[in-house]
Amino acid sequence: MSAEAPTSHRFPDNARAALADETLQRGLASAKVGFRVRRSEAAARLPEFETLRDEARDIKDHVLAHLDLYLEAFETRVTERGGHVHWARNAAEARDTVLTICRAAGAKTVTKGKSMISEEIGLNAFLEDNDIEPVETDLGEYIIQLRHEAPSHIIAPAFHVPKAEVAETFQKHHTTLDPNRPLEQPRQLLEEARAMLRDRFLAADVGITGANFLIAETGATVIVTNEGNGDLTQTLPRVHIVLASLEKVVPTLEDATTILRVLARSATGQEFTSYTTFSTGPRRGEDLDGPHEFHVVLLDNGRSALVGTELQDVLRCIRCGACMNHCPVFGVIGGHAYGWVYPGPIGAVLSPALIGVEEAHHLPSASTFCGRCESVCPMRIPLPGLMRHLRERGFQRGIPPAAQRWGLRLWAFLARRPRLYRLATALPLRLLGRLGRRSGRFRSLPLAGGWTSQRDLPAPQGPSFQSLWDRAGGRREPPR
Amino acid sequence: MNGDSREAVLGALRRATQRDSNTAAAAAVKERLAGHARNTVPARGQLDRDGMLDLFVEQAEAVDATVTLVSRPSGVPGAVADYLRGENLPTRLRMAPDPKLDAYPWDESPLLEIERGKGEASDMVAVTGAFAAIAETGTLMLLSGPDSPTTLNFLPDAHIVVVRAAEMVACYEDGWDRLRATGRMPRCVNFITGPSRSADIEQTLQLGAHGPRWLHIVLVAGDSDG
Chain V
22 MSAEAPTSHR
32 FPDNARAALA
42 DETLQRGLAS
52 AKVGFRVRRS
62 EAAARLPEFE
72 TLRDEARDIK
82 DHVLAHLDLY
92 LEAFETRVTE
102 RGGHVHWARN
112 AAEARDTVLT
122 ICRAAGAKTV
132 TKGKSMISEE
142 IGLNAFLEDN
152 DIEPVETDLG
162 EYIIQLRHEA
172 PSHIIAPAFH
182 VPKAEVAETF
192 QKHHTTLDPN
202 RPLEQPRQLL
212 EEARAMLRDR
222 FLAADVGITG
232 ANFLIAETGA
242 TVIVTNEGNG
252 DLTQTLPRVH
262 IVLASLEKVV
272 PTLEDATTIL
282 RVLARSATGQ
292 EFTSYTTFST
302 GPRRGEDLDG
312 PHEFHVVLLD
322 NGRSALVGTE
332 LQDVLRCIRC
342 GACMNHCPVF
352 GVIGGHAYGW
362 VYPGPIGAVL
372 SPALIGVEEA
382 HHLPSASTFC
392 GRCESVCPMR
402 IPLPGLMRHL
412 RERGFQRGIP
422 PAAQRWGLRL
432 WAFLARRPRL
442 YRLATALPLR
452 LLGRLGRRSG
462 RFRSLPLAGG
472 WTSQRDLPAP
482 QGPSFQSLWD
492 RAGGRREPPR
Chain L
6 MNGDSREAVL
16 GALRRATQRD
26 SNTAAAAAVK
36 ERLAGHARNT
46 VPARGQLDRD
56 GMLDLFVEQA
66 EAVDATVTLV
76 SRPSGVPGAV
86 ADYLRGENLP
96 TRLRMAPDPK
106 LDAYPWDESP
116 LLEIERGKGE
126 ASDMVAVTGA
136 FAAIAETGTL
146 MLLSGPDSPT
156 TLNFLPDAHI
166 VVVRAAEMVA
176 CYEDGWDRLR
186 ATGRMPRCVN
196 FITGPSRSAD
206 IEQTLQLGAH
216 GPRWLHIVLV
226 AGDSDG
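Residue numbers (the numbering used here), protein chains in the order written: chain V, 22 to 501; chain L, 6 to 231.
These aren't lab readings, by the way, just hints derived from the structure by calculation.
Since we're looking at a predicted model, the values are computed, not measured.
Don't be surprised by glycine CBs; every beta carbon is placed ideally from N, CA and C.
One should not assume that every hint holds.
[Unchecked claim] Capping the alpha-carbon separation at 20 angstroms, the derived lysine to aspartate or glutamate pairs in DMTMM-like fashion look like this: (1) L/35 <-> V/101; (2) V/184 <-> L/207; (3) L/105 <-> V/308; (4) V/184 <-> V/226.
[Claimed, not checked] Pair ranges (Cβ atoms, derived): (5) L/227 <-> V/200: 52 to 58 angstroms; (6) L/104 <-> V/125: 46 to 52 angstroms; (7) L/36 <-> V/66: 32 to 38 angstroms; (8) L/56 <-> V/184: 38 to 44 angstroms; (9) V/224 <-> L/36: 45 to 51 angstroms; (10) L/16 <-> V/40: 44 to 50 angstroms; (11) L/56 <-> V/189: 50 to 56 angstroms; (12) L/48 <-> V/152: 54 to 60 angstroms; (13) L/28 <-> V/403: 50 to 56 angstroms; (14) L/120 <-> V/224: 20 to 26 angstroms; (15) V/72 <-> L/40: 18 to 24 angstroms; (16) V/434 <-> L/40: 55 to 61 angstroms.
This is chain V alone, in the form it adopts within the complex (with noise of 0.2 angstroms):
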């Protein structure tokens, strides 16, 4: 659903509406500071910590020089263990790939562990509209598929619900029990989940997965979770549906092991996950369980197109949600203002990469570039030089307004010559200094409302820093 209409286009208008949403507010106070202090203390308690970023980068690049190739070796391995491999360029070949498997095993309810594949290519909807039934069985997707809303954090997916607000929506939708039970709870509310979902993961006629990681080595499909519904969604049912994207793929167990010692710690600062599991091709013929059928679609949506440019390092990203948790524009908006599926940093980057600067140029432009994100991310990778790269992109799309483009160009103008920067900025400090002197600050001024809507204009004081480092001897020109 979310794949089918995105609202990147209208991120000024989301970020003031999340900026009033009370309840968002306090839930976004509670969870980061939670987030960080779990981050840093988990990174502080294992002293190979940042080589292991260093090492894991390096897996990654090594794999994106080398994607075609792995992803070849990679499906000859599920080949050979008796799975099969689907490759889909965009998100209507996936959603068909998975239709048409869905039909074949003559599916009415499928489980599905959580995926952010799945919100990017549009399926609970697309299933519905194909008379399956989708049901998400991760507590926090279960929460907000129930209440027909999108995830807003990659890792914490419900976490702008407040337990009063899951308690209503249980009530509604759980219409066999007692209407009043008590749901005050976080536990009694996760009791009722689990129970309910229990049938549901026994019903089941399909699992559909996400992936975090592809091993070219053996052919495996690696999921973390912390509930465990992943491994109840591939287990029971009769056919195991993976969607994983290109970059997912790495050469060996040992890579991923690698990569995974910094995955929990940089996501909820947990030592490891509960859960890790590796899936290698369906049930073996002596197996008491485990799914007749093994499918892993391959989806592309625009990635192979960043191979090999300057956007390719955004392909590294693990999608622990650090960067979220750790930046101050997602910190007071939350995800949803972002209007696309991957919402902080890493979407200020991904979304514009994959559905285009036109529908999302604002998002780039949300940071101050204070580069918290890029220091805390476990694969290194550059985001706030990746928005500014995507700023400019912009820019050369004319996507800013004109006056917008105009001044800049004639900001860049005057940058360049220094002499008559100096001159053209003299007079009007001189005036604004002289107009402010009473009150030292503007409360309105004449082209910049921007600024003087939200907070006041501090009036210029004294000579400029140019005059004083004159003064003081300093030097303009750089040392040789």
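With the hints as your guide, set chain L onto chain V.
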């Protein structure tokens, strides 16, 4: 459609990677896949036998698993029965059809009602062995197979895992090496670190989301009763 898509995606990637020599690239990939070289293994993943045991217990308990140490194999059934009694859990249990578990004298704990097989929806307690126990993070490594059905790891409310000291390894990489040495790659490898949990409701951590609420590890220190 699928063949076209495959060629389109791979073709785009081949063009995009801009390699000087495809032969050299293919050789590099082949070598890396065959060599499965280790990256950095943290110091805590390189301990000796005593260090491993202590770290395993510390890490497992830190993620809400419980651990009982027994000095000999004959102590295992009693340890399982004691645990179930202590947690007020039923003594009817589903046990993996694993020959390794036959080594323990289950008849000596007559209160335990044991059925062997895969996990069923009605099971409250499962008992399995493990392929390895990884000290680094207190992680259990289980392999799917007729002797160790995956459903036992996820359907029951309580999962009891019997681990022998010889199965203890220092790091995940040691586990992979042991697996490669068996010459088989099972359908499923489960790394299990503590019981199931969720913090999806207001960031409040709770155990027992969809998988087991209790994970209990019986660690057998000695290899024989001799």
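To see whether the hints hold, each was checked on the structure:
no., hint, in the structure
1, L/35 <-> V/101, "holds, 17 angstroms"
2, V/184 <-> L/207, "holds, 7 angstroms"
3, L/105 <-> V/308, "holds, 17 angstroms"
4, V/184 <-> V/226, "violated, 31 angstroms"
5, L/227 <-> V/200: 52 to 58 angstroms, "holds, 57 angstroms"
6, L/104 <-> V/125: 46 to 52 angstroms, "violated, 38 angstroms"
7, L/36 <-> V/66: 32 to 38 angstroms, "holds, 34 angstroms"
8, L/56 <-> V/184: 38 to 44 angstroms, "holds, 43 angstroms"
9, V/224 <-> L/36: 45 to 51 angstroms, "holds, 47 angstroms"
10, L/16 <-> V/40: 44 to 50 angstroms, "holds, 46 angstroms"
11, L/56 <-> V/189: 50 to 56 angstroms, "holds, 51 angstroms"
12, L/48 <-> V/152: 54 to 60 angstroms, "holds, 56 angstroms"
13, L/28 <-> V/403: 50 to 56 angstroms, "violated, 32 angstroms"
14, L/120 <-> V/224: 20 to 26 angstroms, "holds, 24 angstroms"
15, V/72 <-> L/40: 18 to 24 angstroms, "holds, 20 angstroms"
16, V/434 <-> L/40: 55 to 61 angstroms, "holds, 56 angstroms"
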